[in-house]
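> Fit chain B to the known structure of chain A by using the hints.
There are 2 protein chains.
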Amino acid sequence: MPINIKHTAQMLPYKSLIQIDRASSIPLYIQICNYFISLITDGTLQPSEMLPSTRNLALLIGVDRNTIKLAYEELISQGWTESIERKGVYVLSSLPVLTQKKTHNVKNKEIKHDAFIWTNKFSHSILSKNFQKPQLAIDDGFPDVRLAPIDELMREYRSISRKFYGRNFLKYGNAKGSEHLRESLCKYLSTTRGLNVEVDDMLITKGSQMGIYLSAQLLLEQGDLIAVGVSNYSTADEIFKQTGAKLLRIPVDEYGMDPDYLEQALKKKKIKAVYLVPHHHSPTTVTLSMERRLKFLKLAKENKFAIIEDDYDFDFHYTNKPFLPLASIDHNENVIYLGSITKTFAPALRIGFMTGPSDFIHSATALRELIDRQGDTILEEAFALLFNQGEMNRYYRKALKIYKQRRDMFCELLKVHFSNEIEFKVPEGGLAVWSVFDHNIDLIKLAENTLKKGLYIDNGLFYKNELFSTNGLRLGFASLDEKEMAEAVSILKKTIR
Amino acid sequence: MPINIKHTAQMLPYKSLIQIDRASSIPLYIQICNYFISLITDGTLQPSEMLPSTRNLALLIGVDRNTIKLAYEELISQGWTESIERKGVYVLSSLPVLTQKKTHNVKNKEIKHDAFIWTNKFSHSILSKNFQKPQLAIDDGFPDVRLAPIDELMREYRSISRKFYGRNFLKYGNAKGSEHLRESLCKYLSTTRGLNVEVDDMLITKGSQMGIYLSAQLLLEQGDLIAVGVSNYSTADEIFKQTGAKLLRIPVDEYGMDPDYLEQALKKKKIKAVYLVPHHHSPTTVTLSMERRLKFLKLAKENKFAIIEDDYDFDFHYTNKPFLPLASIDHNENVIYLGSITKTFAPALRIGFMTGPSDFIHSATALRELIDRQGDTILEEAFALLFNQGEMNRYYRKALKIYKQRRDMFCELLKVHFSNEIEFKVPEGGLAVWSVFDHNIDLIKLAENTLKKGLYIDNGLFYKNELFSTNGLRLGFASLDEKEMAEAVSILKKTIR
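First to last, the protein sequences are chains A and B.
Read in the UniProt record's numbering, the first sequence has 186 at position 186, and its numbers run on one by one without any break.
Read in the UniProt record's numbering, the second sequence has 475 at position 475, and its numbers run on one by one without any break.
The following block holds chain A by itself, in its conformation from the complex (with noise of 0.2 Å):
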């Protein structure tokens, strides 16, 4: 098949054009092959253009000859050129041309992506921070990694890959993710707070995070309105917005977001849904009183919406017992429920649960199926091993003690050096204190200098919304043990002074 053959005036400058490099892993043919390729697509050799002689460009750039005749087959076997008999290797006729390579250099971030356009609803910066740096800090209430049963966990982990049963868990397996966990999870609900609900209708989720946007995602559209507390779980509020959906914030008292508010508004405006953490309020730590929980639950009754309730710290609650869920109470009807056994044994195993109405945890699981399919089984298999042997049971209990412990000793601190400077009330449960600074301190400055001396804080900036500016800090004690507790304060009385 003939082609129309163009001639090139002069060779090109392959000598300076074909930088090859010895020491690289990668072969001498690629490397060439690789540079033909960039030539024609920044449209330097153009469709039809020949290539140099084999004999040639060997000379010219001082390898075997060999090696360019494999560059030249490979370049025809990947489609970019063409060998025409006792002529030579030319570049495909029917390639289209090509622009020019944009001379920009892409590296630079300062300059604006303009080939294609996408929504700006993420061009927020970054919420969250990497902990992963051995580093003091007082984070906002995380656990301490180091309690949890983290070598049981991982023995059981490998154990499982290693059995020809357990192999059949590196296949894909269910959405909702092990059953084995689901049903660990089912009944440990069921001991600890009543909660009675089916395997069926109980869905494995990567921490309670990705219960709140499953939950977003199919309850809120455009415009529709959820309720959240004046203050609220950041993240949660992003969550929220990013579907379209409008907050309407609820004042949040001492015995947590006020219903009666709700009620009130909801005379003039119809809700979607109402999120809370029932346990304990997100920044300030309140606990839901019973009475409180009961009227939305009416309220949820007789105006048809949704409850997102985000119990995430049931698990750590130091002064009587928990209160019941409003899941435990509802039979369900009107509540999701999510929880999170990240948040109690270590933040980057990404393990939490949703459970809701049947035909809601169907639509759900259908949703995340679409997001990553279905989460780590043998991660979940280990998790359940941990349950049903009695090892997550007594780390609770152990990590409960050691907590009430650390948020005692972390109180008392605050209370001995920082009585002019912080405001606080001993948190019932969870693993922060809610802390009110003195207005005259500016806690973006001290994070600043405290990082100097080498403890993170917080800036706050994460607690702030357009109704709350409290000039507060969720200091969280969990994860420091007695004699990092001593140096973090000792740091920040030294920064504030």
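Don't take each hint at face value.
Identical chains share a label here; the pair holds if one copy fits it or two copies do between them.
Stated by the list, open to error - List time: in silico BS3-like cross-link candidates among lysine-lysine, alpha-carbon distance up to 30 Å:
| no. | residue 1 | residue 2 |
| --- | --- | --- |
| 1 | LYS241 | LYS298 |
| 2 | LYS301 | LYS321 |
| 3 | LYS269 | LYS121 |
| 4 | LYS121 | LYS268 |
| 5 | LYS69 | LYS398 |
| 6 | LYS304 | LYS398 |
| 7 | LYS298 | LYS121 |
| 8 | LYS301 | LYS121 |
| 9 | LYS241 | LYS270 |
| 10 | LYS298 | LYS270 |
| 11 | LYS129 | LYS415 |
What the hints contain is simulated information worked out from the structure, not anything from laboratory work.
Positioned in the frame of chain A, the structure of chain B alone reads:
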């Protein structure tokens, strides 16, 4: 504080209402407490009603009086009841009256939930199948988990978590994923396909599927148009459709999707993106020719649309070298490039990656952060080690060789045994053979019948859509060893007869 006290004319039949279970692991007083809570919440016990005296109840239900006292204290501390001195224990007068519990059985899946509403977009049945049962199966083209260096991975996984520095990887980390794994992947992409990206422009996802989901959420809005193949990976279709976007279906032939058809369509319509699988189109396994790759890039530049390049199958290509991805040619201006470790290693270990323009990856990270915060850092770190030790390369080479043998053997078996029933081409790569069955063969019945004989095969519905109704199946050969393959083919043959 005096309250209004109702006197119940007659005592409730507590003996039958409270059925304690002495074999249960739940303490008796908690059981009794929970019975009272359910009597209160279902309206049997109204606000201000009196509970029986501890002495009476103890006699009635046959437990120690101290147990009843404990139960009553629990009820009081949980805010359900209050104790009035020298009178007794009363249901809190300020509790709102809840409506009677619905009498329908909430376990009955037939009854439609009507307490609140949500989108019906996800009422479809769950797409994905569970392959975790020990069952002979011809799957969609999944890797053989027995070949992957799982032991090595698990050893690293466990070992990292035990090390002092490793414990830090259990804390919250970078939403983009482990920096080490991103570095390893950048190196791997550069060596294997000349794709040079910055570590910051790399986002670790949960399988390549999360990359499709994130791209869809960022690029598509209600009414937008995205181009996909006439035949296409159905899950991707679902992901795009749930954004409200419409699909523009492009013909697919032996060279892949046809850009000329798209070019014509672009004269009348605007599209936001093209989704393509360059190696090897799903489901038909064809490789997109280099000429067409360049044409798609040209169209993308001219029309400012994005190309979502799902290259999950790059690593398994048997004929010559795989072609360069579009992303490598485009210098990353128009292309969002997705890859998978999941699909080459083990389906239940959810690791994939996406790269593309910096700003886009930033947006994708911000969204990913809302969905599930981050991945499992220790698993990511373990994979980074496997890449850096050369273990992944060894594995890919070994697997490629074995899969080529399996492909050849499987195609030979198909040719010998099903020459009249199945039409197929030997695939150049990937882990499945696109098999078109004689139109007299009902694939739904066939799947039912082979299952009765102990072999799972798909019923073909997954591959069909409104424009594509070929009587075909992807027959995955990679996860079957020689013996299993022979057995599977034998069952298939007996069933087709």
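> Taking 30 Å as the upper bound on the Cα-Cα distance, should LYS301 and LYS121 be classified as within, between, both, or neither?
Intra 33 Å, inter 24 Å, cutoff 30 Å: inter-copy only.
> Checking LYS269 and LYS121: alpha-carbon separation at most 30 Å within a copy, between copies, both or neither?
both (26 Å within a copy, 25 Å between copies)
> At most 30 Å between alpha carbons: which applies to LYS304 and LYS398, within, between, both or neither?
neither (41 Å within a copy, 58 Å between copies)
> If the cutoff is 30 Å on CA atoms, where do LYS121 and LYS268 land: within, between, both or neither? Let me know, please.
For LYS121 and LYS268, both the intra-copy (29 Å) and inter-copy (29 Å) Cα distances are at most 30 Å.
> How do LYS241 and LYS298 come out at 30 Å by Cα distance, when the copy is not named: within, between, both, or neither?
Only inside one copy: LYS241 and LYS298 sit 26 Å apart there, 37 Å across copies, limit 30 Å.
> Using 30 Å as the alpha-carbon threshold, which applies to LYS301 and LYS321: within, between, both, or neither?
Within one copy only: 27 Å inside, 63 Å across.
> Between LYS129 and LYS415, at a C-alpha cutoff of 30 Å, which is it: within one copy, between copies, both, or neither?
within (28 Å within a copy, 57 Å between copies)
> Using 30 Å as the alpha carbon limit, work out where LYS298 and LYS121 are close: within a copy, between copies, both or neither.
Close across copies (28 Å), not inside one copy (35 Å); limit 30 Å.
> Within a copy, between copies, both or neither: where do LYS69 and LYS398 come within 30 Å Cα-Cα?
Close across copies (27 Å), not inside one copy (69 Å); limit 30 Å.
> Given a CA cutoff of 30 Å, do LYS298 and LYS270 count as a within-copy pair, a between-copy pair, both, or neither?
within (15 Å within a copy, 49 Å between copies)
> At most 30 Å between CA atoms: does that hold for LYS241 and LYS270 within a copy, between copies, both, or neither?
both (17 Å within a copy, 28 Å between copies)
In summary, the one numbered hint that this structure violates is 6.
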